[in-house]
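Number of protein chains: 2
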Amino acid sequence: MSKLYIVGIGSGNVKTMTMRALECIKSSRVVVGYDGYIELIKDLVKDKIVISSGMGQEVKRCRIAVEKVKEGYDTCIVSSGDAGLYGMAGLVLEIENRINFEVVPGVSAVFLAASCLGAPLMDDMCTVSLSDHLIPWEVVKKRLVAAVQGDFVIALYNPRSHLRPYNLEKAVQLLLSYRDKNTPVGIVKNAGRKGERVIITTLGKVEYEVVDMMTTVIVGNSRTYIKDNTIITPRGYPI
Amino acid sequence: MSKLYIVGIGSGNVKTMTMRALECIKSSRVVVGYDGYIELIKDLVKDKIVISSGMGQEVKRCRIAVEKVKEGYDTCIVSSGDAGLYGMAGLVLEIENRINFEVVPGVSAVFLAASCLGAPLMDDMCTVSLSDHLIPWEVVKKRLVAAVQGDFVIALYNPRSHLRPYNLEKAVQLLLSYRDKNTPVGIVKNAGRKGERVIITTLGKVEYEVVDMMTTVIVGNSRTYIKDNTIITPRGYPI
Numbered sequence: 001m002s003k004l005y006i007v008g009i010g011s012g013n014v015k016t017m018t019m020r021a022l023e024c025i026k027s028s029r030v031v032v033g034y035d036g037y038i039e040l041i042k043d044l045v046k047d048k049i050v051i052s053s054g055m056g057q058e059v060k061r062c063r064i065a066v067e068k069v070k071e072g073y074d075t076c077i078v079s080s081g082d083a084g085l086y087g088m089a090g091l092v093l094e095i096e097n098r099i100n101f102e103v104v105p106g107v108s109a110v111f112l113a114a115s116c117l118g119a120p121l122m123d124d125m126c127t128v129s130l131s132d133h134l135i136p137w138e139v140v141k142k143r144l145v146a147a148v149q150g151d152f153v154i155a156l157y158n159p160r161s162h163l164r165p166y167n168l169e170k171a172v173q174l175l176l177s178y179r180d181k182n183t184p185v186g187i188v189k190n191a192g193r194k195g196e197r198v199i200i201t202t203l204g205k206v207e208y209e210v211v212d213m214m215t216t217v218i219v220g221n222s223r224t225y226i227k228d229n230t231i232i233t234p235r236g237y238p239i
Numbered sequence: 001m002s003k004l005y006i007v008g009i010g011s012g013n014v015k016t017m018t019m020r021a022l023e024c025i026k027s028s029r030v031v032v033g034y035d036g037y038i039e040l041i042k043d044l045v046k047d048k049i050v051i052s053s054g055m056g057q058e059v060k061r062c063r064i065a066v067e068k069v070k071e072g073y074d075t076c077i078v079s080s081g082d083a084g085l086y087g088m089a090g091l092v093l094e095i096e097n098r099i100n101f102e103v104v105p106g107v108s109a110v111f112l113a114a115s116c117l118g119a120p121l122m123d124d125m126c127t128v129s130l131s132d133h134l135i136p137w138e139v140v141k142k143r144l145v146a147a148v149q150g151d152f153v154i155a156l157y158n159p160r161s162h163l164r165p166y167n168l169e170k171a172v173q174l175l176l177s178y179r180d181k182n183t184p185v186g187i188v189k190n191a192g193r194k195g196e197r198v199i200i201t202t203l204g205k206v207e208y209e210v211v212d213m214m215t216t217v218i219v220g221n222s223r224t225y226i227k228d229n230t231i232i233t234p235r236g237y238p239i
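From first to last, the protein sequence lines are chains U and L.
Each residue of the first sequence is one higher than the one before, counting from 1 in UniProt numbering.
Each residue of the second sequence is one higher than the one before, counting from 1 in UniProt numbering.
One or more of the hints may lead you astray.
The list cannot tell twin chains apart, which means a pair is met if one copy fits it or any two copies do.
Claimed, not checked - Below 20 Å or equal to it, Euclidean Cα-Cα: the simulated EDC-like pairs (lysine to aspartate or glutamate) are: (1) K170 - D180; (2) K142 - D132; (3) K181 - D47; (4) K194 - E102; (5) K15 - E209; (6) K48 - E23; (7) K42 - E23; (8) K227 - E96; (9) K3 - D228; (10) K227 - E102; (11) K189 - E207; (12) K142 - D180; (13) K194 - D228; (14) K60 - E169; (15) K227 - E138.
Because the hints were derived from the structure by calculation, they are not lab data.
All chains should be modelled from the sequences, with the hints used to inform the complete structure.
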């Protein structure tokens with residue numbers, strides 16, 4: 001029976017992929033994904049039927065992937081990071097969950113970014129996508145406020161795009177009304193792949209222009225500090 | 001120059017490890033870790049100097065790992081899941097960050113668990129550890145309340161142990177005062193490894209006895225639903 005693999009590819013660099021992700025891509029005849037992600041794994045999909053398309057085509061890609069499985073092809077649909085967080089797993093299963101499928105977990109962007117910064121997570125953390133394409137900005141705001149009130153380490157996904165150039169600035173200004181301006185912030189662009197760039201700064205000094213959709217921004221909690229060139233959130237071990 | 005690899009091993013099963021994690025373990029002479037995690041990767045560390053110890057020995061293990069690097073050994077210190085979330089990365093760097101080190105990200109428990117449940121995350125999510133060993137219970141409570149107020153999908157780590165048999169029950173009762181009793185809940189024990197067990201239930205019907213420290217509990221947000229035998233949180237795509 002043919003199978004649909006819903007695969008998180010980490011950064012796209014094979015070093016950040018799980019063994020299972022790699023195995024599933026290799027064994028699939030069809031690979032479906034967003035253009036930008038297919039480009040990242042082009043060396044892995046040379047001999048395959050590749051179906052890629054642009055932003056906004058997510059529903060169509062999921063439907064095609066399901067169709068290909070029903071036609072009898074083992075098929076991979078890929079997401080960057082983990083397929084189950086802001087990825088394709090939910091959408092595929094909303095469309096069709098009565099097929100033979102496997103969600104293959106991956107390393108989500110926040111962990112790739114954190115590993116470049118030292119250890120900014122460590123304690124309770126949350127992820128907030130700043131894209132208000134599918135979620136109203138009022139909901140994003142509510143979550144940011146809850147996140148600071150709970151003193152979570154906050155990872156901002158989809159922080160800034162051409163279509164939404166001011167969302168990061170709006171989010172930072174909101175966070176600043178609750179959290180100290182010296183709170184450590186890590187900005188990581190292209191974490192774990194070509195073009196990686198790491199910036200360690202503070203909430204009061206975030207430079208918005210360097211941030212794009214390939215960037216993850218991590219805002220520390222009230223105990224996070226900068227030591228030499230790393231960000232550390234203590235877990236609380238007495239040392 | 002010898003190097004310290006701070007490695008997340010996912011579930012412990014090599015299929016859930018990244019290529020880089022595997023590479024670092026293989027190339028290290030010394031491997032340091034908690035007894036239970038070393039047991040999970042015993043086949044990988046047969047020919048190595050293995051230094052393992054029990055719960056409560058975390059600080060000592062980190063100091064030993066740093067010492068071994070200073071003695072000239074390439075050394076791995078392993079955590080399950082991702083080393084940067086409730087793992088050893090923070091503690092190591094608090095103790096010593098002026099050595100040659102690399103944090104190797106991994107697949108954290110919430111993603112392993114989510115992949116067994118369908119797609120319960122998808123939208124903004126947070127992790128809350130229910131262990132009040134290092135963090136006061138008042139802080140845990142504050143975070144749980146913030147998490148429901150922000151309508152996050154909530155992943156509960158360290159939900160229940162012999163030392164803390166009632167923390168999960170206390171947490172669920174607290175969540176129930178804010179979130180509907182029919183909210184989907186996924187309980188995954190030993191996600192991605194031997195002994196995996198998956199339970200799909202609701203917030204009003206959580207069975208506490210099956211839950212232990214090797215279990216992750218995922219509580220849906222206000223839009224999460226159960227479809228056949230999967231939990232889905234819609235991202236909001238019009239389908």
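Against the structure, the hints come out as follows:
In this assembly of identical chains, the alpha carbons of K170 and D180 lie at most 20 Å apart only when taken from the same copy (16 Å versus 31 Å across copies). In this assembly of identical chains, the alpha carbons of K142 and D132 lie at most 20 Å apart only when taken from the same copy (13 Å versus 27 Å across copies). When the C-alpha separation of K181 and D47 is checked against a cutoff of 20 Å, the pair qualifies neither within a copy, at 51 Å, nor between copies, at 49 Å. Only between protomers do K194 and E102 lie at most 20 Å apart by alpha-carbon distance; the minimum there is 17 Å, versus 29 Å within a single protomer.
Taking the shortest alpha-carbon separations for K15 and E209, neither the intra-copy value of 29 Å nor the inter-copy value of 39 Å comes in at or below 20 Å. In this assembly of identical chains, the alpha carbons of K48 and E23 lie at most 20 Å apart only when taken from the same copy (14 Å versus 27 Å across copies). Only within a single protomer do K42 and E23 lie at most 20 Å apart by alpha-carbon distance; the minimum there is 15 Å, versus 22 Å between protomers. Proximity of K227 to E96 under the C-alpha cut-off of 20 Å is restricted to the inter-copy arrangement: shortest distance 10 Å between copies versus 48 Å within a copy.
With identical chains, the CA atoms of K3 and D228 are at most 20 Å apart between copies only, with a shortest distance of 18 Å across copies and 48 Å within one. Only between protomers do K227 and E102 lie at most 20 Å apart by alpha-carbon distance; the minimum there is 16 Å, versus 41 Å within a single protomer. With identical chains, the CA atoms of K189 and E207 are at most 20 Å apart within one copy only, with a shortest distance of 13 Å there and 42 Å across copies. Proximity of K142 and D180 under a CA criterion of 20 Å is satisfied in both settings, with 19 Å inside one chain copy and 19 Å between copies.
Proximity of K194 and D228 under a CA criterion of 20 Å is satisfied in neither setting, with 25 Å inside one chain copy and 41 Å between copies. In the homo-oligomer, the alpha carbons of K60 and E169 never lie at most 20 Å apart, since the shortest distance is 32 Å inside one protomer and 42 Å across protomers. Within a single copy, K227 and E138 get their C-alpha atoms no closer than 35 Å, and across copies no closer than 28 Å, so neither meets the 20 Å cut-off.
Violated hints for the displayed structure, listed by number in ascending order: 3, 5, 13, 14, 15.
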